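J.: As a plain string of letters, each chain reads:
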Amino acid sequence: MATKASKGKTYTILPVTRVEGHGKVTIHMNDAGVVEYARLHIVEFRGFERFILGRPFWEVPVMVQRLCGICPVSHHLAAAKAMDRIVGGEQLTPTAEKIRRLMHYGQMFQSHALHFFHLSSPDFLFGADGTAESGFAAPPAKRNIIAVAREFPKLAVQGVMMRKYGQEVILATAGKKIHGTGAVPGGVNKNLSVAERDALLKDVDQMTAWARSAVTIARDYTMEHLAELAPFGSFDSNHLSLVRESDGALDLYDGVLRAVDKDRNMILVDVNCQRYLDVLMEEVRPWSYMKFPFLKELGPDHGWYRVGPLARLNTATFIDTDEAYTAHKEFRELQKDRSNNITMCYHWARMIELLHSIEKIRELLLDTDLQGKELLTSGPRREEAVAIIEAPRGTLFHHYRVNRNDEVTMCNLIVSTTNNNEPMNRAVTKVAKDHFSGRREIPEKLLNYIEVAIRAYDPCLSCATHALGGMPLVVELYDAGGGLVARRVRGAGQPV
Amino acid sequence: MNRVTFTIDGKEVKAIRGQTILKAADAAGVFIPRLCAYRDLTPNGSCRVCSVRVNGRIQAACVQTVAEGAIVENETPELLEYRRNIVDMLFVEGNHFCMFCEKSGFCELQALAYRFGIKAPRYPFLYPKRDLDMSHPHVFLDHNRCILCGRCVRASQDMDGKNVFQFVERGGRKRLQVNGDSLSETDLKATDEAVSVCPVGALMKKRVGYEVPVGRRRYDEKPIGDDIEMKGEK
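Chains as they are written, first to last, in numbering that gives the first Met the number 0: chain E, 0 to 495; chain R, 0 to 233.
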């Protein structure tokens, strides 16, 4: 449908595919046809923070993981870590902590593999559409994992098998591949049997080789297309994550909060997680259910930050596994002493974490503590607890209060995607400004540019939703006064 | 003279005169599903899951006594359908969220649903608004999951010598009531038999949670009734 309008207009893209859940993008143009800003609207509402109230606290780790089918382990472990403190058992036994870490690295491994191979690889592999205008402009029919399987079968199989391996690690530690019960307040409910360990060790070399190769693919792709990738949806920002308390190393399971600015100056220095409310605030904006967190000291305009693989590789002093250590150093070389602010570098960073995760899995599998019998611990009860964990998509905050009757009386969750709310809006705005301004039509490839920018963050807009084939989109055009001028709709797999 | 012989689905079963069909079937290794019946608690025949046909008439096997030469039908498509319907209705009448219920894998209602091949409810959920009583230091009562089987009522009276639980109201409003404003005001102890007989996750000890990993729970490997049927195979 033609989109002629003499006044300022708004384009709406709904829903966004190959991300988790549902979102909507609107692009707002002024009278001159220049993009002023774009917004990613989160229109889903989950309500977990409300309906968990009054429930027994030990239910929480199992209940809240139902927020998601892709990274439930992160919610499971974050809630369990909070409940550890409630039962006074935050100093876990070595067996319990290592089982949980193994579960977490399994989760990280499968989620990163899923994102890179299943969700993002179509953008890279089928980039060129012949017009040489962009690397992300493949026709919709090819932008899916089915096409990857057809044309790059070896790569597709690697993606599937790596995800499967991660799921097997979760099964062995949590009892189920999705929505297990392994982490309980004060510890875990099972150790790792020798048979389970040996089954996982059998494939760890192959997984490491594939992870190594994934880092190479991501690195080479980034370096070869740097001229296009560097400005794509990019902007300077702060970065926030957990780091290991003792030495600032990358730690995905536990640690202290650290933030650096665009030049990698430390702006939040290793803050204890229990104090997160002293340093963070959330802003509410009327057009989205998702809040906008920021560092209190810098305020909402300057205190927003990015989380996730890119942020973690900017904040961490180093990575404590051999191959990922080297890969991280190479990654850092690109921007020298500055933070890496290139949005599309999320993918490279994600693959370095994939490699780190499998290295950690191997290290843990060889540790005999995993066969230990001491699974639970407890101490003096508390009535309030905060737990923070690095989920695949970024820093995840769980905060609870529990009364003496064991009922949850308060719950506050700041999920990874919420932390990336402002950055995702900025990325969409940047892409829209760079590629949308001055146009009178809505070319198909433009819709994918926006999705590629959002997808770099691997957002989880809450529930697990996958769409294969063409993206179902609704584009709405509004004039400067907010009136609907034109509307363009495409269902899943249909041409526009 | 105290012995009687009858058949269940054509299988000859010997029983003691005065015994219920359910008890005789258990002893003979024939599983008749049940929810309100529990070991030696006085049966009250309320859930009707154990319905069988006795000489053509539908009877509750937990209260109907054996008779010489009786022909009992148990595993017929018709009875299976009745039982499925009862279990289906119990699911939608309360708020049963197996996915995060700590009784999952130990729950008799869930295990029966699996045994009957119920994959999804056929009736609309009622989503009743029910309370959770967390006042007791060691036990909690989640009315969302109560199926009104009355096991706790009878166990408290017959086995614990107390009277902690009773039913109040009737029909769709019938509910379990405790002898006080809340559970903490009763003389219930965590060690009482009443706490251990609940077939679902309604009356539970606190802070036990998910201590048994998935895969090692009671009904993870073997279906409900397997222990009884094993006796028959021997």
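Keep in mind the hints are simulated off the structure, nothing from the lab. Any given hint might turn out to be false.
Below, computed lysine-lysine pairings styled on DSS-like, alpha-carbon distance capped at 27 Å [as the list claims (entries may be wrong)]:
1. E:Lys261 / E:Lys432
2. E:Lys372 / E:Lys335
3. R:Lys204 / E:Lys372
4. E:Lys372 / R:Lys13
5. E:Lys175 / R:Lys161
6. R:Lys221 / E:Lys176
7. E:Lys163 / E:Lys201
8. R:Lys173 / R:Lys205
9. E:Lys444 / E:Lys429
10. E:Lys328 / E:Lys23
11. E:Lys295 / E:Lys261
12. E:Lys295 / E:Lys175
13. E:Lys23 / E:Lys372
14. R:Lys230 / R:Lys205
15. R:Lys161 / R:Lys188
16. E:Lys175 / E:Lys201
17. E:Lys335 / E:Lys429
18. E:Lys261 / E:Lys372
19. E:Lys175 / R:Lys221
20. R:Lys205 / E:Lys175
21. E:Lys444 / E:Lys432
22. E:Lys175 / R:Lys128
23. R:Lys221 / R:Lys204
24. E:Lys261 / E:Lys328
25. E:Lys176 / R:Lys188
26. R:Lys118 / R:Lys128
27. E:Lys163 / R:Lys205
Per label pair, the in silico range of CB-to-CB distance [as the list claims (entries may be wrong)]:
28. E:Asn402 / R:Phe124: 53 to 63 Å
29. E:Gly53 / R:Glu184: 18 to 28 Å
30. E:Lys295 / R:Arg174: 42 to 52 Å
Computed from a prediction, not measured in an experiment: that's the story for all the values here. Backbone N, C-alpha and C define an ideal beta-carbon position, used for all residues, glycine too.
J.: Run through the hints listed earlier and report the numbers of any the structure violates, in increasing order.
T.: Hints 2, 4, 5, 10, 12, 13, 14, 18, 22, 25, 27, 28 not satisfied by this model.
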